[in-house]
Amino acid sequence: MKTDIEISQEANLEDIDQICEKIGLEDYEKLGKYKAKIDLSYLQKDKKDSKLVLVTATNPTPSGEGKTTVNIGLSMALNKVGKNAISVLREPSLGPSFGRKGGATGGGYSQVLPMDEINLHFTGDFHAITSSVNLVAAIIDNHIYQGNEKNIDPKQIVWRRCVDLNDRALRNVVIGMGNKTDGVIREDKFDITVATEMMAVLCLATSLDDFKKRVGKMIVAYDIYNNPVTVDDIKATGSVAVLMKDALKPNLVQTIENTPAIIHGGPFANIAHGCNSLIATKTALAISDYVVTEAGFGADLGAEKFNDIKCRLGDIKPDATVIVTSIRSLKYQAGMPSDALQEENLDYLNKGFENLKIHIENMKKFGTNIVVAINKFNTDTDEEISQLKSLTKSMEVNAIETTVFANGSQGGIDLANEVVDLCEKDNGFEFLYDVDLTIKEKLEKISKDIYRAKDVVYTKKANKDIKRIEDLGYDNLPICVAKTPYSFSDDPNIRITDKDYDITIREARINAGAGFIVAYTSNILTMPGLPKTPNAYEIDIDSNNKIVGLS
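Those letters in the sequence shown? Residues 1 to 551, per full-length UniProt numbering, in order.
Don't read these hints as lab results, they were simulated from the structure.
Errors might be hidden in some of the hints.
[To be verified] SDA-like cross-link-like pairs, simulated, lysine to any residue; straight-line CA separation at most 20 angstroms: (1) Lys83 with Asn172; (2) Lys351 with Pro337; (3) Lys364 with Phe429; (4) Lys155 with Asn172; (5) Lys460 with Thr438; (6) Lys213 with Gln44; (7) Lys351 with Tyr486.
Starting from the given sequences, assemble the full structure and let the hints guide the process.
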């Protein structure tokens, strides 16, 4: 089979004007032939009967579960069965594109296009975020250099610079070295752009005015009296809003079958809240009947944050949840050697089903309308497929095979019909916890009910951080847990067979502008590093201006 980029380069794309015409869009700004920015005016439209479908997955494995591929394929299949559907996704980060994970535009014959542009600079949204974050950092350091009117304590600056690349050398740096005029010497840190609060604010804002209010409330430091200093306090809000004015508008592209797709915002789910922007989701709900959205990594991270943070802050709720898995993924979860995953093995499948079982149980805590999408590979046997369907049936959840990677929309028809049926029923949606619980009560609820931990352990720093958050009156915010995606626990090496583990909270930070508290577990990093052999080694452009090696 051809590579993803080869398939994408052979696709017949429609002019973006035609895509806009399909969904009745009139107010948009065309960016080249195949991309457009949608005007924010569509946020004022209210289409009460639109259905919101959340696509999530089991814990990620090296072979991939195909969550984004199924999301795109499902949106195309819904259109195939006569529904007006849009796929809504996050924008890919350059970090994974040049690192280990690769891009995030689907695969095979279930992709969003132009794949190369989306996976690289796209419409410049991430560059605007990066510039905005670093502008605030520059203003902070200049404020201190120019006399420090706000009495900022250089040891208590919590704002970090950022770059949208994996660069471990920037995790801990010293700035201001050189001459006296080169600034004040202090330690600093860099985050990857997708882990910044600016990204979260972009993704949770509902208008330009709301964005400015949220930006102004972001805490950048504490003064020598331990009072918070905000972006408003250092007079940076207006400049940030100017830099971000175009980035706030959602981006419209298309799938390989010319189904409309909105791609906007991109926080990671392991170190941030993992969902595309509320602006994108609400715009899609205003102009289509079915919106197929997604949440990052496994359901223990992305889906929990989608439900408890995005839905809560955005006043939306899913009508159905799709949990994507694969036969080989479940066998891997059970400890089957990677080089043997192609072999039929019902014992490993039964054992690995525990991972999917927990995700199903977890999603039932939020709503009843759940379907499992089996991302089918040609090495899967009929016996394995039958066994998995039987196992999910015992939990009163249907499992539907999909072959959208190889067959496009045609491979997702059965899943589309199941989703339509589910969306006709009341989902009984509810949140996992009440925000008025204490911070530790909320953390224990997430850790024990979703992660299945025995207990929650707090470091000395975490206890100190939580007390400060409570003293400042931010304790009634939802919680965003930064945790490994590879395990229900905070240790990537703990398998589903290991039942007796704790979750360790290392530190906690206030994202006052975004409107949630971030709790960092164990040794989770907000600036990834490149692997020994990064994807960057394979990416190139040939003499015909064609990009190769992008995945």
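For each hint, the structure was consulted:
1. Lys83 with Asn172: Cα-Cα ~50 angstroms, so violated.
2. Lys351 with Pro337: holds (14 angstroms)
3. Lys364 with Phe429: holds (9 angstroms)
4. Lys155 with Asn172: holds (14 angstroms)
5. Lys460 with Thr438: Given that 20 angstroms is the threshold and the Cα spacing comes to 18 angstroms, the pair holds.
6. Lys213 with Gln44: This hinted pair holds, its Cα atoms lying about 19 angstroms apart.
7. Lys351 with Tyr486: Holds, because 17 angstroms separates the two Cα atoms, which is no more than 20 angstroms.
Going through the hint list in order, the structure does not satisfy hint 1, though it satisfies all others.
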